[in-house]
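Asker: Here's the letter readout for the chains.
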Amino acid sequence: MSQYFKNIWSAISTISIGMKVTFKHLFVPAVTIQYPDVKLELPERERNRLYVNMDDCIGCDQCSRACPVNCIEIETVKSLPEEDLGKTSNGKKKALWVTKFDIDIAKCCFCQLCVFPCPTECIYMTDVYEFSEFKRDNLIYDYATLSPEERVQKKLNYEKFEAQKAAEKAAAAAAAAAAKAKAQESKPATPESKPENKEPNAEKKEGKVEAKEPKSEGKTLNQENKTDKAESKPADNESKTDNQEDKTD
Amino acid sequence: MIYDFFYNLTGSQILAYIIGSLLPLFAFILPFALVAVLLERKVSAHMQDRLGPMRVGYHGILQTVADILKLIQKEDIVASPNDKPLFNIAPVLVFAGSYTAFAAIPFTSAFIGSNIDLGIIFIIAITGLVVAGILMAGWASNNKYTLLGAMRSAAQIISYEIPTILVVLSLIMITGTASLNKLSEMQTGHFWHWMILGGPGLSLQKFILIPFMIIGFLIIYISTLAEVNRTPFDIPEAESELVSGYHTEYSGMKFAMFFLAEYANMFAVSAIVAALFLGGYQSPFGYLGNTFHLPWLIPIEQFFWFTFKGVFLVVVQMWLRWTLPRLRVDQLMAVCWKYLIPIAFVNLLIVGLITVL
Amino acid sequence: MAADIENKVTTTEKLKTEEMILNMGPQHPSTHGVLRLELELEGELILNVKPHIGYLHRCFEKHAEAMTYPQVIPYTDRMDYLASMYNEFGYAIAVEKLLDIKIPDRVEYIRVIMGELQRIASHLVALGTYGADIGAVTPFLFCFRDREKILSLFEMTCGARLLYNYIWVGGLSHDIHHDFLRLTKDFVDYFKPKIKELNDLLSYNKIFIERTANVGILPLDTAINYGITGPMLRASGLKWDLRKDDPYSIYDKFDFDIPVGDGRMGTVGDSWDRYFVRVLEMEQSLRIIEQAVAQIPEGDVTSAIPKRVKPVVGQVYSRVENPRGELGYFIISNGSVNPFRVKVRGPSFVNLAVINELCKGHLVADVITILGSIDIVLGEVDR
Numbered sequence: 001m002s003q004y005f006k007n008i009w010s011a012i013s014t015i016s017i018g019m020k021v022t023f024k025h026l027f028v029p030a031v032t033i034q035y036p037d038v039k040l041e042l043p044e045r046e047r048n049r050l051y052v053n054m055d056d057c058i059g060c061d062q063c064s065r066a067c068p069v070n071c072i073e074i075e076t077v078k079s080l081p082e083e084d085l086g087k088t089s090n091g092k093k094k095a096l097w098v099t100k101f102d103i104d105i106a107k108c109c110f111c112q113l114c115v116f117p118c119p120t121e122c123i124y125m126t127d128v129y130e131f132s133e134f135k136r137d138n139l140i141y142d143y144a145t146l147s148p149e150e151r152v153q154k155k156l157n158y159e160k161f162e163a164q165k166a167a168e169k170a171a172a173a174a175a176a177a178a179a180k181a182k183a184q185e186s187k188p189a190t191p192e193s194k195p196e197n198k199e200p201n202a203e204k205k206e207g208k209v210e211a212k213e214p215k216s217e218g219k220t221l222n223q224e225n226k227t228d229k230a231e232s233k234p235a236d237n238e239s240k241t242d243n244q245e246d247k248t249d
Numbered sequence: 001m002i003y004d005f006f007y008n009l010t011g012s013q014i015l016a017y018i019i020g021s022l023l024p025l026f027a028f029i030l031p032f033a034l035v036a037v038l039l040e041r042k043v044s045a046h047m048q049d050r051l052g053p054m055r056v057g058y059h060g061i062l063q064t065v066a067d068i069l070k071l072i073q074k075e076d077i078v079a080s081p082n083d084k085p086l087f088n089i090a091p092v093l094v095f096a097g098s099y100t101a102f103a104a105i106p107f108t109s110a111f112i113g114s115n116i117d118l119g120i121i122f123i124i125a126i127t128g129l130v131v132a133g134i135l136m137a138g139w140a141s142n143n144k145y146t147l148l149g150a151m152r153s154a155a156q157i158i159s160y161e162i163p164t165i166l167v168v169l170s171l172i173m174i175t176g177t178a179s180l181n182k183l184s185e186m187q188t189g190h191f192w193h194w195m196i197l198g199g200p201g202l203s204l205q206k207f208i209l210i211p212f213m214i215i216g217f218l219i220i221y222i223s224t225l226a227e228v229n230r231t232p233f234d235i236p237e238a239e240s241e242l243v244s245g246y247h248t249e250y251s252g253m254k255f256a257m258f259f260l261a262e263y264a265n266m267f268a269v270s271a272i273v274a275a276l277f278l279g280g281y282q283s284p285f286g287y288l289g290n291t292f293h294l295p296w297l298i299p300i301e302q303f304f305w306f307t308f309k310g311v312f313l314v315v316v317q318m319w320l321r322w323t324l325p326r327l328r329v330d331q332l333m334a335v336c337w338k339y340l341i342p343i344a345f346v347n348l349l350i351v352g353l354i355t356v357l
Numbered sequence: 001m002a003a004d005i006e007n008k009v010t011t012t013e014k015l016k017t018e019e020m021i022l023n024m025g026p027q028h029p030s031t032h033g034v035l036r037l038e039l040e041l042e043g044e045l046i047l048n049v050k051p052h053i054g055y056l057h058r059c060f061e062k063h064a065e066a067m068t069y070p071q072v073i074p075y076t077d078r079m080d081y082l083a084s085m086y087n088e089f090g091y092a093i094a095v096e097k098l099l100d101i102k103i104p105d106r107v108e109y110i111r112v113i114m115g116e117l118q119r120i121a122s123h124l125v126a127l128g129t130y131g132a133d134i135g136a137v138t139p140f141l142f143c144f145r146d147r148e149k150i151l152s153l154f155e156m157t158c159g160a161r162l163l164y165n166y167i168w169v170g171g172l173s174h175d176i177h178h179d180f181l182r183l184t185k186d187f188v189d190y191f192k193p194k195i196k197e198l199n200d201l202l203s204y205n206k207i208f209i210e211r212t213a214n215v216g217i218l219p220l221d222t223a224i225n226y227g228i229t230g231p232m233l234r235a236s237g238l239k240w241d242l243r244k245d246d247p248y249s250i251y252d253k254f255d256f257d258i259p260v261g262d263g264r265m266g267t268v269g270d271s272w273d274r275y276f277v278r279v280l281e282m283e284q285s286l287r288i289i290e291q292a293v294a295q296i297p298e299g300d301v302t303s304a305i306p307k308r309v310k311p312v313v314g315q316v317y318s319r320v321e322n323p324r325g326e327l328g329y330f331i332i333s334n335g336s337v338n339p340f341r342v343k344v345r346g347p348s349f350v351n352l353a354v355i356n357e358l359c360k361g362h363l364v365a366d367v368i369t370i371l372g373s374i375d376i377v378l379g380e381v382d383r
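Protein chains in written order, with the numbering used here: chain A, 1 to 249; chain B, 1 to 357; chain C, 1 to 383.
It should be emphasised that the hints constitute simulated quantities derived from the structure, not laboratory data. Just so you know, even glycine gets a beta-carbon here, dropped at the ideal spot from N, CA and C. There could be a bad hint or two in this list.
[Stated by the list, open to error] Now the stretches of chain C that chain B is said to cover, found in silico as 3 or more residues with beta-carbon under 8 Å:
| # | stretch |
| --- | --- |
| 1 | 71-84 |
| 2 | 141-150 |
| 3 | 208-222 |
[Claimed, not checked] One side of the interface only, derived from the structure: several residues of chain C facing chain A at Cβ under 8 Å:
| # | residue |
| --- | --- |
| 4 | Glu44 |
| 5 | Thr138 |
| 6 | Met156 |
| 7 | Cys158 |
| 8 | Gly159 |
| 9 | His174 |
| 10 | Asp175 |
| 11 | His178 |
| 12 | Ile195 |
| 13 | Glu197 |
| 14 | Leu201 |
| 15 | Tyr204 |
| 16 | Asn205 |
| 17 | Pro297 |
The following block holds chain A by itself, in its conformation from the complex:
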């Protein structure tokens, strides 16, 4: 019986306490803002849409490797030794034409993993968050600054250069073979032929040394990663055999 009255009393008292709380909140000013008219100021580390400053991009492919969802696609073409692509803002000389730099922002998970490996800090996240489009294809952002004709042109240039190099190499090899044949016929002539052979190689090497510097950081890491992946497969096999051995034990 006393439980009955206790119930009534606790009901009335707790309901009144609750009503007092809500009543007090009638006079608290609202914590919301009227969105399209008033926008929040975002902090400086905000992670929204990606932006790439192509003047600084050296085409090292680090951001594309770091991305967990593979939303960055980069294709580069080596430049010819006589072309000057300019320097990045921290003084490195660029050596690769970036013919394709697509970021599919619809796939991007905004994790910021691509920002950290970039050696020139050219890819970063801005605070733009209102970028919806009507067509999904418009969400594939193309950052490369070469026009389509230029891209094709650069590729052709490079292929021509390679072909020329190969031809020169073949010619030099043929000349070397001819020189060798001649040298075998007349031995005192041999010391002359070697510097001839070495000159075109030396020219090429000088041209390539400059090109290698900015790439070296990127390239060695690339090579290391590639070799790691190549190593991982035999390692897989090893570990599998290890497990099998354990199981047999």
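Since the structure of chain A is provided, determine the placement of chains B and C on it from the hints.
Answerer: Same frame as chain A, but now just chains B and C:
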């Protein structure tokens, strides 16, 4: 008085009756429903530290107009297995039930829809029509969830009419009349003549009655809250429960009628409670018309006070809705049959004893 | 017409004698995600509940095998998206055990602060949505208003509000902002009266108690048999918390209590206990944050991050105390940069299994009450 006014204006009895009966609908209920929807949204928003509708009109005043326009132009879906005659009549019945209750409520001393002697009994009987409408809506939707919801709602409304009637009986015992008009006239004067403070006059009986009147006021307020399906008793319309309510299958104008009927009902029961306990249209402080000797001002003042009391009680209903969680169905029934009815009975007995002695 | 009515009457009679199967489908406002519950009813009583999961399966464990160890962290975020810091924390600890590296103290303190703030945020969501399911809409908005403050603290640190990618293997991605500690102290002072307000409005409300007390009682032996962990286990009476019983990181340096359910409103282990244990845990998290903010040392947070994560061949199982229970990571490494296998023991997955036992004998309206008190996140159930 208003009837005479219209009779003189038009010269025909029938026309005067028709206009007099339509007047509360268009001049009062529809504008009130529009305002009430917006009021609910704004009150709930400010209680939750936010702003509510702000875009349509200045600070969202025209929001309900936009909602009604949207509902009117929606497609009226009647699925083929539904029972078409019942499906179409149900919202009309619900709306008619809640609207007819307004006939016996005195808005001012100059206007009452129908001055019958059985005011209260008439109102309570008419709310039975709403039950029929709800059951029809639940059945004709051909959906086992709406049927369950409609049955629960019907059970709820019928059970909670009993405490209401018991409290009304105790009031009838004190005052001797069942007509709301006469009740409101009796509570004339200042606010200490209101029924919640014991009734007119200054006798000993009045002072002894005060605690029982307050208990009666609380009981009837809670039961009428349950009659209009408001939280904490809104199982029939809850969205997050399994059963989605008896008006799920309705779209467009019919849904708007259910919606309007709910807010009209809310005001009707608040007005009834105000008329019974809080003095109806009487002002708590005396009339400005009397002090300034302007007799035509008095009905307008009375109308203002009536609306004020009704809206105040509606706001308290909204306040309760946004504070409290929902009761489960069996707990709802337990509250009615185990708590409200015994207390109302004991109240009735004691009030009866006091009036007799 | 009369024949139609007769047919309808006979079919409903046929339905009544059998048990009815009701489907709380994947799209439902109260199932906290895409969960399908198949209820076998007899009238209003529940005989059997069968949960059907898998609607949110995103192949996390298979993805992890194709990624390098640091690249897995954005994927772990997305499992339990309401408590992302703890997912990253658990994974980072597991890989650091494999690599056997030592982390600077500052990193440990910051991880603890972030983890406890995340625990408060996650519990706020659980409590708010629980109130909203029961019908009280106002506490839901109050909880989210407080959670916004925590999310803006996170946003200031790492730039994201929900999926952070902040706790890395060997350290953190950024050091905290110079205003962070001051604002965290302000938040702790701001939040203490809010817990009291939440209690006034919801926890001690008679109607809420009527709805949740004695509903879904979980006896302690059933809980242990099912492998339940987290606030559910503590509400059934056992004082078991991985932060004290199997300490990881630097939790042994802090002084805090473990709240246990005591059945003061009904029985031990009912839904009210599970709800209230979470409220008390929020208070204890505030204590931990205060101590951590006072004791945090200086240091460099990125110094111990390895350039390339290539652990030795081996396996490790490490567990942390998620806001929902014991989150375990079992990682097998074969010496390469990609993990060979990452298996996650998600607490919500294990906790959900007990719903059949809890719902037997209750009414249909109680299913939602019980499901809300278990506090599942479908991302963790399905991974």
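Asker: Taking the hints in turn, state whether each one holds.
Answerer: Each hint tested on the structure:
Coverage of the stretch 71-84 of chain C by chain B is violated in this model, with 0 residues showing a Cβ closer than 8 Å to a Cβ of that chain against a need of three. Remark: the stretch 141-150 of chain C is confirmed as covered by chain B, as 3 of its residues place a Cβ nearer than 8 Å to a Cβ of that chain, reaching the required three. With 3 residues having a Cβ less than 8 Å from any Cβ of chain B, the stretch 208-222 of chain C passes the three-residue criterion, so the hint holds. Interface hint status for glutamate 44 (chain C): violated, as the beta-carbon distance to the closest one in chain A is roughly 24 Å, over 8 Å.
Hint on threonine 138 (chain C) holds. Least Cβ distance to chain A is approximately 6 Å, under the 8 Å limit. Because the closest C-beta pair between methionine 156 (chain C) and chain A is about 5 Å apart, less than 8 Å, the hint holds. Because the beta carbon of cysteine 158 (chain C) sits about 6 Å from the nearest beta carbon in chain A, less than 8 Å, this interface hint is met. Given hint, glycine 159 (chain C) at the interface with chain A, holds; its Cβ is 4 Å from that chain's nearest Cβ, closer than 8 Å.
A hinted interface residue such as histidine 174 (chain C) counts as satisfied when its beta carbon comes closer than 8 Å to some beta carbon of chain A; here the least separation is about 7 Å, so the hint holds. The criterion of a C-beta within 8 Å of any C-beta in chain A is not met by aspartate 175 (chain C), whose closest approach is roughly 11 Å, and the hint is violated. For the restraint placing histidine 178 (chain C) at the interface with chain A, the shortest Cβ-Cβ distance is roughly 12 Å, beyond the 8 Å limit, so the hint is violated. Proximity of isoleucine 195 (chain C) to chain A is violated relative to the hint, the smallest CB-CB distance being about 13 Å (cut-off 8 Å).
Checking glutamate 197 (chain C) against chain A: minimum C-beta separation of about 6 Å stays under 8 Å; hint holds. With a cut of 8 Å, the hint placing leucine 201 (chain C) at the interface with chain A holds, because the nearest CB-to-CB distance is about 5 Å. With 8 Å as the threshold, the beta carbon of tyrosine 204 (chain C) comes within range of chain A, its nearest partner Cβ sitting at about 5 Å, so the hint holds. Here the hint on asparagine 205 (chain C) is kept, as its CB sits about 5 Å from the closest CB of chain A, short of 8 Å.
With a least beta-carbon distance of about 23 Å to chain A, the hint placing proline 297 (chain C) at the interface is violated under the 8 Å criterion.
The structure shown violates the earlier hints numbered 1, 4, 10, 11, 12, 17.
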